[in-house]
Amino acid sequence: MSGQGGMLAPEEENDAEVRLGDQENINKFGRLNARLYEVRGERDDLKKKLERIDDASTELMMGSGDRVMLLLGDAFFECTEEEATEHCEAEVERFQSTVDELEEEEGRILTEQEELKKLLYARFGKSINLEDK
Amino acid sequence: MSSPDEAVVTTDTQGGDDRDVNALAEEADNTSLSMESITDGKNERGIPVVKFIEDISAFADLFTPEASAELLIGAFSDLFSKFKAYEQNLSQKRQTFQEKIPEIEKSLALVSHLKKKKEKGESVVTRYNLADTIYTKAELDCNAGIVNLWLGANVMLEYTYDEAIELLSSKLENAKKEYEETTKDLAFTRNQIITAEVNISRIYNWDIRKKRASNS
Chain A
1 MSGQGGMLAP
11 EEENDAEVRL
21 GDQENINKFG
31 RLNARLYEVR
41 GERDDLKKKL
51 ERIDDASTEL
61 MMGSGDRVML
71 LLGDAFFECT
81 EEEATEHCEA
91 EVERFQSTVD
101 ELEEEEGRIL
111 TEQEELKKLL
121 YARFGKSINL
131 EDK
Chain B
1001 MSSPDEAVVT
1011 TDTQGGDDRD
1021 VNALAEEADN
1031 TSLSMESITD
1041 GKNERGIPVV
1051 KFIEDISAFA
1061 DLFTPEASAE
1071 LLIGAFSDLF
1081 SKFKAYEQNL
1091 SQKRQTFQEK
1101 IPEIEKSLAL
1111 VSHLKKKKEK
1121 GESVVTRYNL
1131 ADTIYTKAEL
1141 DCNAGIVNLW
1151 LGANVMLEYT
1161 YDEAIELLSS
1171 KLENAKKEYE
1181 ETTKDLAFTR
1191 NQIITAEVNI
1201 SRIYNWDIRK
1211 KRASNS
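Top to bottom, those sequences are chains A and B. Going by my numbering, the first sequence runs without a break in its numbering and finishes at 133. Going by my numbering, the second sequence runs without a break in its numbering and finishes at 1216.
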């Protein structure tokens, strides 16, 4: 949104003055965009974690014997298969609900951005660029 | 629109952009344009608010002598760079919190786990990091109910499980609160950056139109 896209031909120029309301819409769009990237980053991180726990649970199920090492903090604790499985399931639930929240937020942000895009393109036409590179 | 004073300073009104650096410096010394004129005070967190300019010509006229586009753009660019630097700073701070918070959560989970074991009356066998590449086995008797926590600055203090959980929980809460504050500050700063950028483009466009009008 900052200064890309070269010069417009005279007939493409838009004479609409930027009013305070427009400035606020532009700011809002920028804020939403920044938040969108964060949300997506967090969600991808959590998805990776979920994958790893999934692999761990599978290993657990196939595993033999009773003593399993569970990583808590920086140390390993010996525990039974059930305890480890319980722990994994609790973590999966936690992560999954956060992922769901993040995806909801992403949807909301995209909808709001569509609204703002309509408003701003109507006001400024080609004088403004609101697309992702 | 140009006052007699401006004619003294400008050497060439046609190619405004290739004016002398000296002419610009002279204008900067003589003008009444200052940081206060382009900011609207500060928000409640002490961050300056960039002034949104409704009418550029009217704004330029407010100063004696009337401010040129270059001077205005210069002033806003300065403000813009300051905000960018502050944004970097805030981003760093936020990054630090994003690392610290999981650390505290891990410690909290660990102590809670020990407490649970104590309540069940079980002992814990653990492998802990003795040195970089070596883990060693240890058996913990949870009945003592004591943990030692690093408080930083080479200080370690003994706590009961409950005290430790309380301390870690409050540390976690504080960290999360400060993380929220930093995030809000960051959003606000970004707003100011965008406003400054838009101001700069508008002043530039205004200047071009003015020159075009005076040339035709």
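Think of the hints as simulated: they come from the structure by calculation, not from any bench. Even for Gly, the Cβ is constructed at its ideal location relative to N, Cα and C. Some hints could be false.
[To be verified] Below, a sample of chain A positions facing chain B; criterion: calculated Cβ distance under 7 Å: (1) 18; (2) 20; (3) 21; (4) 23; (5) 32; (6) 33; (7) 45; (8) 118; (9) 124.
Task: Unmet hints by their number, sorted upward, for this structure - done: 3, 5, 6, 7, 8 and 9
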